[in-house]
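Given next are the chains, with one letter for each unit.
2 protein chains.
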Amino acid sequence: MSKTVKSDIEIAQNAVLKPIGSIAEQLGLEVKDWEPYGRYKAKVSANTLNKLTEKPDGNIILVTSINPTPAGEGKSTVTVGLGQALNKIGKKAVIALREPSLGPTMGLKGGAAGGGFAQVVPMEDINLHFTGDFHAITTAHNALAALLDNHIHQGNALNIDPRRIVWKRVLDLNDRALRHVVVGLGGHANGVPREDGFDITVASEIMAILCLAENIDDLKRRLSNMLIAYTYDRKPVFVRDLHVEGALTLLLKEAIHPNLVQTLENTPAFVHGGPFANIAHGCNSVLATKLGAKLGDYLITEAGFGADLGAEKFLDITTRAGHFTPSAVVIVATIRALKMHGGLTKDQLKHEDLNALKLGLDNLARHIDTIKSFGLPYIVAINHFIYDTEQEVTLVKDWCTAEKHPVALAKVWEQGGEGGKELAQLVVDTVEKNENHFKPLYDLNESIQEKIQTIVTQVYGGKNVEFSTKARKQLKTFKENGWDELPVCVAKTQYSLSDNPKLIGRPKDFTIHVRELKVSLGAGFIVVMTGNVLTMPGLPKHPAALDMDVDQEGRVLGLF
Amino acid sequence: MSKTVKSDIEIAQNAVLKPIGSIAEQLGLEVKDWEPYGRYKAKVSANTLNKLTEKPDGNIILVTSINPTPAGEGKSTVTVGLGQALNKIGKKAVIALREPSLGPTMGLKGGAAGGGFAQVVPMEDINLHFTGDFHAITTAHNALAALLDNHIHQGNALNIDPRRIVWKRVLDLNDRALRHVVVGLGGHANGVPREDGFDITVASEIMAILCLAENIDDLKRRLSNMLIAYTYDRKPVFVRDLHVEGALTLLLKEAIHPNLVQTLENTPAFVHGGPFANIAHGCNSVLATKLGAKLGDYLITEAGFGADLGAEKFLDITTRAGHFTPSAVVIVATIRALKMHGGLTKDQLKHEDLNALKLGLDNLARHIDTIKSFGLPYIVAINHFIYDTEQEVTLVKDWCTAEKHPVALAKVWEQGGEGGKELAQLVVDTVEKNENHFKPLYDLNESIQEKIQTIVTQVYGGKNVEFSTKARKQLKTFKENGWDELPVCVAKTQYSLSDNPKLIGRPKDFTIHVRELKVSLGAGFIVVMTGNVLTMPGLPKHPAALDMDVDQEGRVLGLF
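Residue numbers (our numbering), protein chains in the order written: chain A, 3 to 562; chain E, 3 to 562.
Treat the hints with care, since some could be wrong.
You can't tell identical chains apart in this list, so a pair holds if it fits in one copy or across any two.
[Stated by the list, open to error] In silico BS3-like links for lysine-lysine, alpha-carbon gap of 25 Å or less:
| hint | residue 1 | residue 2 |
| --- | --- | --- |
| 1 | LYS53 | LYS510 |
| 2 | LYS543 | LYS237 |
| 3 | LYS20 | LYS34 |
| 4 | LYS423 | LYS94 |
| 5 | LYS478 | LYS423 |
| 6 | LYS435 | LYS53 |
No lab work stands behind these hints: they were computed from the structure.
Just need the whole structure built from these sequences, with the hints factored in.
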């Protein structure tokens with residue numbers, strides 16, 4: 003290749019942005035519906051939905067992918083590029099993405115604002131403090147922790163057992179030293195000593211709640227239902243018992259409003275919320291998705307990790323919370339990632355390898371089956387990398403054609419919307435055929451065990467589920483408390499369909515091991531932990547922070 | 003009294019605000035100089051100062067007070083009211099205040115946005131997340147802590163002694179359980195176990211730095227100079243040794259720009275930064291003060307606590323960092339607080355008591371002497387409460403007249419700017435007489451001991467200084483490291499001129515006990531700890547949070 007490849011931040015800093023007011027106007031919003039945050043960001047009032055009830059919904063397109071690999075799949079890039087491309091072919095498209103977390107930004111290189119010529123901007127703001135939503139969630143989460151510890155310190159009228167507090171603290175940083183801590187040391191004036199720990203903010207139940215709430219009242223109701231501790235006689239203690247749901251809602255009163263930005267090609271984009279795709283449901287807010295669907299013909303949204311995690315949760319949890327039906331699913335794959343599922347290591351990816359590629363297609367096939375089992379139309383998007391050979395692309399296309407999977411090559415990273423027109427047209431054609439038989443995978447009144455078994459069989463392609471002694475005890479407690487009629491949210495490695503990250507491709511006949519359960523009564527789901535789930539990442543040996551800088555004029559340097 | 007007294011929040015919610023763009027225009031700012039944060043808040047670029055160098059400075063008026071009492075002095079209220087009143091008598095006035103911290107807001111009732119008809123608005127926003135400055139500081143502070151712990155975890159190339167880390171973590175909350183913690187527990191994957199603790203964000207050295215920095219380069223320089231630990235062989239370790247000053251500056255690149263809001267009467271107000279008036283210098287940012295002075299005829303600014311703490315630090319530390327000279331000082335006193343200095347308890351304040359009042363004037367007299375010793379003109383402002391009797395007011399006025407202290411009654415809480423015209427006119431007259439002989443109290447090349455002695459004698463009216471063994475050792479270390487040519491920042495109880503909070507009024511012949519020193523090399527001062535200094539407050543038995551709420555429309559309830 004002789005052409006110089008520009009970095010994401012160089013492309014973003016050269017973009018010609020429209021004032022955010024003109025993007026809002028383009029969406030048909032009135033001035034009173036939104037508030038500016040700088041010249042290129044806005045919050046659109048969640049209450050705008052109330053006046054749009056009569057307006058028919060646009061099509062909701064979910065973007066998911068094969069199991070992620072170290073090669074990168076570019077799901078956000080395809081999401082942004084597809085939105086831009088739909089605009090180019092004359093559709094009114096709106097994009098909805100999650101907000102990036104500062105933890106990974108300061109730790110490993112790589113933002114969550116798309117890449118190349120398919121990015122949302124201003125990318126520096128989006129990747130740093132943005133409109134402060136995560137900080138509001140961090141504050142509300144830790145305020146609750148402080149109020150809880152203070153309740154115990156001031157006499158403990160609720161009889162809370164300090165050994166059975168299930169509410170930890172959070173920071174929006176990667177900080178392994180805070181995973182396990184002891185608080186309340188230093189004598190009687192400094193609280194009650196107990197074991198505690200910090201999660202990253204995206205793992206907070208409040209983050210999940212913010213993303214599932216339909217309005218401010220629903221937010222408050224969900225917050226008041228959060229389980230925070232048990233008493234000495236094992237009775238659950240909720241936020242409502244502390245009477246602080248009002249204060250927590252107050253701290254989130256701005257964060258609940260979806261953030262509006264634009265893509266490099268001025269396509270409107272909501273970037274709002276960012277729950278962990280592991281111990282939470284991993285998609286942007288229901289409010290952003292619904293608002294985008296009301297304001298556009300097409301709303302393109304993304305769910306975290308592969309279809310086994312993000313898409314399953316989007317389709318079983320998010321659609322129920324938001325009361326909406328998606329129109330189609332785009333499954334993103336890259337030649338590079340498929341080759342890794344076929345057995346290659348990262349340094350073997352630069353060379354053509356049709357055998358590895360063919361083997362890797364098994365992983366894609368499994369995710370296609372998953373989407374089929376939800377009764378939804380789908381499209382395979384090959385996210386093109388400049389290293390991909392023509393033979394490799396042809397192999398994947400031919401396989402799709404033979405198997406009757408609609409497929410399109412997306413060159414959005416390199417060309418922006420122009421490179422996604424084929425994909426966009428295929429999405430429109432697929433949706434307009436109207437062969438949608440969407441149905442969540444399980445009924446809510448099935449037992450927790452049955453729900454998990456359904457997911458393991460129909461989504462992961464596995465065989466059995468094994469519960470630890472602890473998990474079995476919890477199943478009993480949850481049933482006794484009447485918490486078993488909730489959807490389940492499986493926390494599992496994203497790298498494999500199984501719970502063993504090393505089993506790439508399409509493993510079969512495996513058993514999923516359920517170690518522990520956690521009930522998120524505010525978010526409204528039961529988290530099913532398989533294997534070790536890290537809820538506070540650590541920093542690498544050379545954190546990205548070491549290469550960051552800002553000049554006298556405030557221009558950002560070294561942000562990937 | 004038959005009239006109904008409206009709460010601060012009711013008054014604030016009924017205010018007719020101008021769009022922030024029109025306030026910016028009123029200041030002569032161009033559109034490119036500022037960015038909106040909602041309709042009624044903006045950030046004004048710190049770089050605006052560069053193009054205003056030729057413009058003469060307006061007069062900087064410092065508002066300080068007697069030693070605070072549980073009765074409340076209303077320094078912020080007088081600051082806001084004076085600005086409004088100066089506008090009413092035809093002067094172009096700008097106000098500069100500190101940003102409130104969420105800790106006290108959620109803990110004890112009482113914001114920091116003024117009161118009655120002398121408030122800055124939108125008060126709910128200002129008292130909650132505002133423009134995110136404190137969250138940016140919290141993030142930068144904790145990112146440094148995480149990077150430091152990660153350095154040790156990843157091999158500790160700098161040979162840092164985990165027992166000698168002087169950089170704690172912070173949260174913008176009152177949370178006593180986090181004062182003393184142990185981090186890094188849970189095995190080798192989770193960092194190195196060590197003692198640690200959390201301060202409230204306003205106590206962060208980064209907060210002090212943000213408020214003293216002259217521009218983004220100065221900010222970075224100061225951050226890089228922060229002392230964070232010592233090595234096993236007792237050598238100091240600085241931020242620059244970790245190479246993360248760029249990343250920290252990046253996290254603060256928006257926070258450094260002063261926030262513009264308005265008062266109830268549309269007077270422009272900068273609300274920016276909020277360092278502890280105890281272990282830091284306790285005034286809003288140098289950038290806000292200088293920008294306000296460039297844009298107005300009068301810049302009214304406030305320093306924390308009484309003149310013994312806030313004013314002394316403003317005059318010895320802030321003026322040096324910002325290279326400016328104040329024009330006059332307003333010393334606020336209330337009849338209620340003076341009576342408490344005269345020996346009354348809080349429940350005895352509703353009744354007239356001329357004897358107690360007369361005794362309490364001693365405290366005011368001491369602070370007047372302090373301002374005189376800096377060579378500055380001053381005005382006594384009696385901040386009127388509706389309970390004050392005519393006889394009480396007359397007593398204070400007569401005493402001032404007899405002692406030749408310029409004095410004015412300020413009814414700004416009750417009447418807004420209209421009630422502050424007498425004070426405003428007196429301020430103008432005093433400044434126009436131009437009898438300003440300002441000089442900081444001590445030279446920087448004096449020894450640390452000499453500087454402290456000067457403050458004790460000339461500001462507190464005390465006699466001796468006693469150093470603990472630990473403090474004496476530190477004096478030696480600081481001198482060896484060449485850190486002794488910095489101004490000193492005394493952390494002392496705000497309730498007394500001495501270091502004993504129970505010695506109200508004007509104690510004499512007392513000794514100040516220096517327990518410990520702390521060097522803030524980024525902020526550029528030596529903190530002198532006397533008595534116990536609490537850097538992480540706790541929540542009371544009934545936290546204010548329990549009475550807060552927000553309705554469906556996002557309207558705030560119960561925020562004092």
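Status of each hint after checking the structure:
When the C-alpha separation of LYS53 and LYS510 is checked against a cutoff of 25 Å, the pair qualifies neither within a copy, at 49 Å, nor between copies, at 69 Å. In this assembly of identical chains, the alpha carbons of LYS543 and LYS237 lie at most 25 Å apart only when taken from different copies (23 Å versus 44 Å within one copy). For a Cα distance limit of 25 Å, the shortest separation of LYS20 from LYS34 qualifies both inside one copy, at 19 Å, and across copies, at 15 Å. In this assembly of identical chains, LYS423 and LYS94 lie within 25 Å of each other by CA distance solely inside one copy; the values are 14 Å within and 58 Å between copies.
Taking the shortest Cα distances, LYS478 and LYS423 never come within 25 Å of each other, neither inside one copy (52 Å) nor across copies (72 Å). In this homomeric assembly, LYS435 and LYS53 never come within 25 Å of each other (Cα to Cα): the closest approach is 30 Å inside a single copy and 61 Å across copies.
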